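**Q** Here is what each chain is made of, one letter per residue.
2 protein chains.
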Amino acid sequence: MHIVIVGTGAVGTILGSRLQATGQCHITAVCRSNFEAVRHNGLKINSDHFGNSVFKPDYVASSVEDATNQDYSFDYIIVCTKALPALTNTVDLIRPLVSSNTSIMLIQNGIGIEDDCIQHFPQNPVFPAVIYIMCTQLSPGEIECSGQVRLIIGANRLKGVVDDHELRFERDQKHCERIRELFNIGGIDAVLTDQIQGYRWLKIVWNASFNPVSVVSGGCDTVEMLSQPETADLLCTIQHELWATGEAVTGQPLPLIPGTRSPEELCRATLKLPAYKPSMLHDYLNKRPMEHEVILKNPLELARKYKIHIPHVETVYALLVLLEKKNNRSNSNKDNA
Amino acid sequence: MHIVIVGTGAVGTILGSRLQATGQCHITAVCRSNFEAVRHNGLKINSDHFGNSVFKPDYVASSVEDATNQDYSFDYIIVCTKALPALTNTVDLIRPLVSSNTSIMLIQNGIGIEDDCIQHFPQNPVFPAVIYIMCTQLSPGEIECSGQVRLIIGANRLKGVVDDHELRFERDQKHCERIRELFNIGGIDAVLTDQIQGYRWLKIVWNASFNPVSVVSGGCDTVEMLSQPETADLLCTIQHELWATGEAVTGQPLPLIPGTRSPEELCRATLKLPAYKPSMLHDYLNKRPMEHEVILKNPLELARKYKIHIPHVETVYALLVLLEKKNNRSNSNKDNA
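Protein chains in written order, with UniProt numbering: chain A, 1 to 337; chain B, 1 to 337.
Hints may contain errors.
Which copy is meant is left open, so a pair is good if it fits within one copy or across any two.
To be verified - Calculated pairs, PhoX-like style, for lysine-lysine (alpha carbon to alpha carbon, straight line, at most 25 Å):
id: 1; residue 1: Lys203; residue 2: Lys56
id: 2; residue 1: Lys82; residue 2: Lys287
id: 3; residue 1: Lys326; residue 2: Lys174
id: 4; residue 1: Lys277; residue 2: Lys326
id: 5; residue 1: Lys56; residue 2: Lys326
id: 6; residue 1: Lys326; residue 2: Lys272
id: 7; residue 1: Lys325; residue 2: Lys277
id: 8; residue 1: Lys272; residue 2: Lys174
By construction, these hints were calculated from the structure, which means they are not laboratory data. Predicted model only: the values in this text are computed from it and were never measured.
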């Protein structure tokens, strides 16, 4: 089985290494900023669950084009890049890698990230997944991962979008099942679901509340945010708005996972964990682009389409884009100084 | 006529100097941070409308207690301090100055600033005013003022609050008229209104939108805020929410002033003016307390009471208090360092 990981950061490394460990997968890793380090030394993994090891992809590619310089086609593309549609178009990015037998798995944050791929690669299974993982790339090629990884995989139901939706769903679900099994063999807690969009929305409930509020509240971590009563209420209210949007868009209740069965429970569960700075705050502080298009703008547009009023989300989004603009300007001022 | 100005910053200086210029008023100025400078040199005024001059109050007091060390009682107390109920209680502050013939005029931002005084000094006329003025204290005792000053004065209608509301209104309105006339003689464009609360709310529409958004958007001026479409929409939406609250609370349409007859018109008018950093942003950047209790919290509580949903105001308020907490902590960390 030939698998290409596009974006071999912390998440891509853990997934690629576990698939390689099955002995059944040939892994091509597309690296960008860490290419030189990975080519020479591989990816050093420090993990309490999977142990310490060095992952050496079967082929380390410096770009997507480079990845195609091999004499086989890919069974799976696993996309682990940030979702920044304004900067990188995933369709254009992966196009050289797609052949008739390729399945495309998108492990990215946000809502609507797979729509373009579904449209542009109608003959290929395309499915987003939901990953729960605590990992980070400490330096190029050096990955730290704590705890187990949970992966939720499932095909989209394209009812109303394509005529042969039931056939498509069954076909895609088989490809989901095949990769799920491989992840299981590799030691990852992966499950198959028939309501993947519900899980995507459940993750958005957390991501689209804690992420932007951490930035627009001046750089607060989860504990700081939840310790101020007005802001704790705000987080809950934002989550209720997204929960309702998710249920309207998917047409069914969101999946109930222990500890996250309501916004109140989700906030309580978050407060029990160590103080945490959400990824959007890290991006903001490092003047990197934030994933607000897929995490906030797409949900906002869907809410509008489904006539659901989500004013609290609307407010933090409007503040966030202005903050980013100011942040970028101060960045370019610095560059000019 | 004996008048005491409590809080002789930029606004207090301009008002006190114009009242003294009538030749009919003896002015006591309560100064705090600028006391030494004012006692020695008076207050230097640089004004394109009123000309350049030095205002020497008839008595410069270092405190309210000091102000009472004179052999007369005050006809008017004019309060020009910031409205920070959590730090300074206006009732306790001015109590030593109040005698049976004293009228109390509150020139402060926000909603509900006069409620405590009305309750504690039931025998005294108490009225808030609305001031439109562009002035600043450049250094202790040095005041700059551009353009004319517009002052709107009027008694509260306490219908439903006190039994003799009509008598009270007429009595208070006479005291308003007397001071209005003095301001006019002193060259200030002062007018009497019978719907002062409508004018207060109209000012809140501007203050409670541009002020907090400038802080929670990372320190933007008016032009930056209005140049980002999502944020311009947010400002308008916040203003619509406050406009509706003001109309519900006052029970009548807000007064229509040219250039501010709707939130859209107010934003367009603001965009035509030079870029401006609202006062709350200055306070935030200088780690001074912000007037969010009277500008946001009181309107929010009234909205709740009148069952008006103002989610966008709610959101910026929740973010603002967390930002302030973080700002204060970074301040005290600095003090400890």
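**Q** Does each hint hold? Answer for all of them.
**A** Structure-based check of all given hints:
1. Lys203 to Lys56: For Lys203 and Lys56, the Cα distance exceeds 25 Å both inside one copy (31 Å) and across copies (65 Å).
2. Lys82 to Lys287: within (15 Å within a copy, 36 Å between copies)
3. Lys326 to Lys174: neither (47 Å within a copy, 50 Å between copies)
4. Lys277 to Lys326: both (21 Å within a copy, 14 Å between copies)
5. Lys56 to Lys326: Intra 41 Å, inter 44 Å, cutoff 25 Å: neither.
6. Lys326 to Lys272: Answer is between; shortest inter-copy Cα gap is 21 Å, intra-copy 34 Å.
7. Lys325 to Lys277: both (21 Å within a copy, 17 Å between copies)
8. Lys272 to Lys174: neither (38 Å within a copy, 61 Å between copies)
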